[in-house]
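Make the full structure from the sequences, and use the hints.
Number of protein chains: 2
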Amino acid sequence: MNQHIGKQSIKFKNPPSIVETASIVGKKEGEGPLYKYFDNILDDDYWGEDTWEKAESKLQKEAAKLVMRKSNIYDTDIEYILGGDLINQCVGANYAMSGFDCSFFGLYGACSTMAESLSLGAIITSGGFAKHTLCITSSHFCTAEKQFRYPLEYGGQRTPTSQWTVTASGCAILSNEGNGPYITHITTGKIVDMGISDINNMGAAMAPAAADTLITHFNDTGMKPTDYDLILTGDLGVVGSDILCDILNQNGYDIYTQHKDAGKMIFDIDKQDVHAGGSGCGCCASVFAGYVFKELKKNSLNRVLVMATGALMNPMTVQQGSTIPGIAHAVSISNKTEL
Amino acid sequence: MNQHIGKQSIKFKNPPSIVETASIVGKKEGEGPLYKYFDNILDDDYWGEDTWEKAESKLQKEAAKLVMRKSNIYDTDIEYILGGDLINQCVGANYAMSGFDCSFFGLYGACSTMAESLSLGAIITSGGFAKHTLCITSSHFCTAEKQFRYPLEYGGQRTPTSQWTVTASGCAILSNEGNGPYITHITTGKIVDMGISDINNMGAAMAPAAADTLITHFNDTGMKPTDYDLILTGDLGVVGSDILCDILNQNGYDIYTQHKDAGKMIFDIDKQDVHAGGSGCGCCASVFAGYVFKELKKNSLNRVLVMATGALMNPMTVQQGSTIPGIAHAVSISNKTEL
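Just so you know, the protein sequences line up as chains A and B, in that order.
Per this note's numbering, the first sequence starts with residue 142, numbered consecutively.
Per this note's numbering, the second sequence starts with residue 142, numbered consecutively.
A couple of the hints might just be wrong.
Identical chains blur together in the list; that is why a pair holds if it fits in one copy or across any two.
Stated by the list, open to error - In silico DSS-like pairs for lysine-lysine, Cα to Cα no more than 27 angstroms straight-line:
1. K154 with K206
2. K272 with K154
3. K168 with K435
4. K365 with K439
5. K272 with K152
Calculated directly from the structure, the hints in this document are not laboratory data.
Here's what the structure looks like:
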């Protein structure tokens, strides 16, 4: 029962259903244009915890609890949780998922983690290995700044190409039964390194990986940009989005109409002082779990490609002179099981 | 086609074959009792690189190339690589797997990563989603010491319960065709936190998770300790191994005869000054890829449970007063597809 179409893509014979999603975001994200799509908006970034790391774990734990309540599918009926985050050793997810009665697969794909989680969750669910999987990730502005950049108290200046890590968690429950929206295809990215070494320009580092995966997706599946109502990247921001669209255009694909970027959607770029836009695993995850899922359920979107991108360095490797490898995973979601 | 037996376990209808493995270890590991099982032993921990992190990446890249040469299955015929390591943001795997023509799923399960990788690789391969998957991980004494403990130059004293991170990479290629050994079952662990907070006693932190997964494995599959020639944990070391065997004994399972621990096997505990034994993702990975696989191929072992354990904290969370959650994933490997 070979379900591979092309080396990097799967067309599911039994497309899993996205039963329900949940999203919780920080105060700043709740002041952005998508505020009405999120299930919960925090008042402050600590959320009653004494460290930002514990607050990020709480984001994931509460998002997981929320999607269980919304779907009435609890951990006793979920075989696998697939999750990760940006904190060293993925402790955001590890502490959050402690206590749930589910097998746990920890993932690291930097900001591509939500698409990685949905991809592996879809494989497990579609293959008959689980009735339900829970796919989750998060990011937090303060845990990311202190770890990847400078202490917040230092007040370091940000370059125009830098992105603002989103404080958010997004999650979804997949099922081998359900009425959609369905994950019909996935295209899983290779690691692409085009020699970018500017740690303040992640969009440029990730755009070539996004282009590679997107072109592969079109080739493998036979779909074209106009088959989609929305091609959502997360999170190339302003700089990376332009590069992606231009590379696609040079390769004969016009995606200017369908393409939007989660990092550009979640903030009002002009008014919220976020420079090139949002980033972090939680950005694509919350825009998917909030905006995309709800618009699919309303039938105002019917076929969406969610393609999350990750920059696979750490601050030390960049200091050691290494370039920044990128990766992008695409998940094709539709209200119908067939094209 | 439900392949779930019990909530945490899968019995594969099409058990994937482990086609080939490869292992590369450091100098100290090459001086240990298992030296003859490893494919390559390094002379020094830099291996011609200018940083330890680059050396660890090279370990993974060369191990992947080696398993491809040994099996004559190259990246053009491998759909997915599943890998990870202990360095922040899993850069050991990320830089190593850049350049291979394969889709990449990044994993983080601390020292349980090899079993996580084999588990997900088996699901993907068995489910018809790939012909071949490559499962890989690594660890490096020097990258782990500087990141998790003290600068090596400081010469910090080690407690008797501390373990020695192994410098090694181990990997395997799984196929949906082949003559075995086969992955027949997997039992995937939950996150278990029993309140241990001593960062120098990882074995004690991980043993309850190992016990939880092992008891679940016996319950779900109906197998018993005597069905196995070897129950290999990695890496509980001296302290954690005793705790595991005692917990199992209290629960009615006598595993004293079948149980061995990769961290105790890879070093001569008395002579090599490694205190409670080896640890790190590369320990279980190299003992599996070296000793276990080769003994299975010789039929001197016929059914083995490989159960890798991970401690899911980071140094900061321990400093912040958090306890150490553990996890363990079990992979049942046999020369026969049926019991």
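- Quick check: which numbered hints come out false for this structure? 1
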